[in-house]
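Chemist: The chain contents come next:
There are 2 protein chains.
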Amino acid sequence: MAVSGAVAAVVENREWYIACYAPKGIPNSDHLKLRTVSFSLSENSIPNGNVAVQILYISIDPYLRTQLSGLHDGLSLPQLPLGQVIRANAIGKVIRSKDTNFSEGDIVTTYMFPVAEFCFMPINWLQKINPTIGITLPDYLSCLGVPGLTAWVGIEKIGKVKEGSNVYISAAAGGVGIIAGQLAKLKGCRVIGSVGSDEKAKLLKEECGYDDAFNYRVETDYDAALNKYFPNGIDFYFDNVGGKMLEAVLNHVNQGARISLCGMISEYNKVWTEREGVRNLLNVVGKEVIMQGFMLGSYVNYFEDFRKEMEVHLKEGKVKSKHKIYNGIENFLESLTSLFSSSNVGKVILQVTP
Amino acid sequence: MAVSGAVAAVVENREWYIACYAPKGIPNSDHLKLRTVSFSLSENSIPNGNVAVQILYISIDPYLRTQLSGLHDGLSLPQLPLGQVIRANAIGKVIRSKDTNFSEGDIVTTYMFPVAEFCFMPINWLQKINPTIGITLPDYLSCLGVPGLTAWVGIEKIGKVKEGSNVYISAAAGGVGIIAGQLAKLKGCRVIGSVGSDEKAKLLKEECGYDDAFNYRVETDYDAALNKYFPNGIDFYFDNVGGKMLEAVLNHVNQGARISLCGMISEYNKVWTEREGVRNLLNVVGKEVIMQGFMLGSYVNYFEDFRKEMEVHLKEGKVKSKHKIYNGIENFLESLTSLFSSSNVGKVILQVTP
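Heads up: the sequence lines are chains A and B, in that order. Sequential numbering of the first sequence, starting at 1, is according to UniProt numbering. Sequential numbering of the second sequence, starting at 1, is according to UniProt numbering.
I should point out that these hints are in silico values taken from the structure, not numbers from a laboratory. Remember, it's a predicted structure, so these values are computed and weren't measured experimentally. Heads up, some of the hints might be wrong.
Since copy identity is lost for identical chains, a pair holds within one copy or between any two.
Stated by the list, open to error - As a list, the in silico PhoX-like pairs of lysine-lysine whose alpha-carbon atoms are at most 25 Å apart: (1) K315 to K128; (2) K33 to K162; (3) K157 to K24; (4) K228 to K324; (5) K205 to K228; (6) K24 to K202; (7) K187 to K93; (8) K157 to K93; (9) K202 to K228; (10) K33 to K185; (11) K228 to K162; (12) K320 to K33; (13) K93 to K270; (14) K24 to K162; (15) K160 to K324.
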């Protein structure tokens, strides 16, 4: 429910909760359900140390799916208790505050917003956003949010890429990949991406500075494709998909290559015993490869370094953002499952409040 | 042929060469053949800058097999040209020399000895050995040779183990594993090994200081075994086998665990597309694991550091060597294939000359 003008004392608040686990397959409306609850915004209802927030934009990221399987999964994230509202990185607007540090109208963000229209939120979980010229609110969830920091960590801290490095990025038009490729280009690398449509490949080349890009649905022999696009081998692979693509890459790595692993979108809808096995790990020995996994939580201390750097890139137009915006809280499930269909370009964001 | 007393001018020299490639399976006498060639030891026959050497001991290592497939393999080692004599790390005795720096009777070693009874060898490829009290010639091929340096690099440079680290070593009674475990114990780690017989497990516990060891042929549910032996998870895995064991380990790694990959004995007799796929690499993400492959050639600059340290350990009895000695050049093939049968304890060495 949208709130305009003066905030009502009680609103109808729609929120998404997990009704049953989806151990495999794409989650559907059996697993994730929307419910409407009455939500009192009266001053007395606001817990001490909290503010009332109307949620504006929610970041839709693949890791959310891994909290819905009900199984201990590779990412080791806690599974959501049944009946509980899902939580995600989001941006909201303070609509009622008893705290002198937060005013009505303040724009705030945290990783722990519920996938809902309204909520109370502890003020010490919130960071304020002062939108700068050229940086839109969705940019704070993409370039300056989870995917931006993920891309930065992979390129800077894991890949340690250098000028001239041959860099390959899978899911390159996705939220992470589209930023990672641009950061690698700024480092002077040769950057090739793989994507799920010709349109995306065109976009990466024409708008995002990629040296080349290919459609893995057309060039289905990954080994031949990598041979073609990497005649001098791969120095750094930013893996976003896992499975068969990771295996193909291991046949094309250079001596001392690095591989960052931060998620494997091709594998999230399978239980681990049904996932694609990687059969050629012996190449990791022969080419002395370093494969390193990372979770963003371990790199939050770099956030300020990252933010300063990325804000400059955004203001100077050196990194361009691409967003796929879904509208309305009722479309959360659709926006989440779209991540697995290769149908989006750029970061998927759900706009909750216009 | 053994040479005793004065060296004959011409000897019959037996040598092993590759007759045809073995892309998969255990190599047999179709692939590796023994031939006898006349070998002149007269002074005029010795090339300038060479000495004549009688080979005493040959180090039998799994990587040798990977040079016989005729395929570009994971280890990226060059394939032996058909008809060529195999080369290996070995120890020999100088039996004729025109060089003032080498005398008859000098004991020498190099990684490039032919698998033969006699050879000429460029003097700048040779290192002299001055056997010290407590260090036997076979020790120079085990603790102080390829497997010793491999174990040291894995523990020191890749694993970076610390006091109290939970360390798991597969093929733990093999040439590399038996040393790696002892080095990890000297660092104060808790060390568990897996082996192919109860007898080997007993040996590791009673003679090599392992905290525990299990027989993977009896405890065939690796996942259950690792659960039992690593109630607090694995901090460092020294992988010598690959395949299913590596996969099982990835279900038991701790946050920030390290895995060193230096060879995968379970996989060498298969072409890569038939190898066991590792399906749970998503754990590398969730637990932020670093998997690092290495080839010994990249660490030869550490050899002196390693040698000094290992010589002290050997003299003080802190590292014990175990050797399985095969006798006679004619048994090279048997000694090589024995590596894949889990039948040996410790380092496999072929004694060419008594």
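Chemist: With reference to the structure, classify each hint as holding or not holding.
Modeler: Against the structure, the hints come out as follows:
no.	hint	verdict
1	K315 to K128	within (19 Å within a copy, 65 Å between copies)
2	K33 to K162	neither (46 Å within a copy, 48 Å between copies)
3	K157 to K24	neither (32 Å within a copy, 39 Å between copies)
4	K228 to K324	neither (31 Å within a copy, 48 Å between copies)
5	K205 to K228	within (17 Å within a copy, 52 Å between copies)
6	K24 to K202	neither (33 Å within a copy, 43 Å between copies)
7	K187 to K93	neither (36 Å within a copy, 55 Å between copies)
8	K157 to K93	neither (33 Å within a copy, 50 Å between copies)
9	K202 to K228	within (18 Å within a copy, 53 Å between copies)
10	K33 to K185	neither (42 Å within a copy, 54 Å between copies)
11	K228 to K162	within (22 Å within a copy, 44 Å between copies)
12	K320 to K33	neither (34 Å within a copy, 63 Å between copies)
13	K93 to K270	neither (37 Å within a copy, 60 Å between copies)
14	K24 to K162	neither (39 Å within a copy, 39 Å between copies)
15	K160 to K324	neither (30 Å within a copy, 44 Å between copies)
Violated hints for the displayed structure, listed by number in ascending order: 2, 3, 4, 6, 7, 8, 10, 12, 13, 14 and 15.
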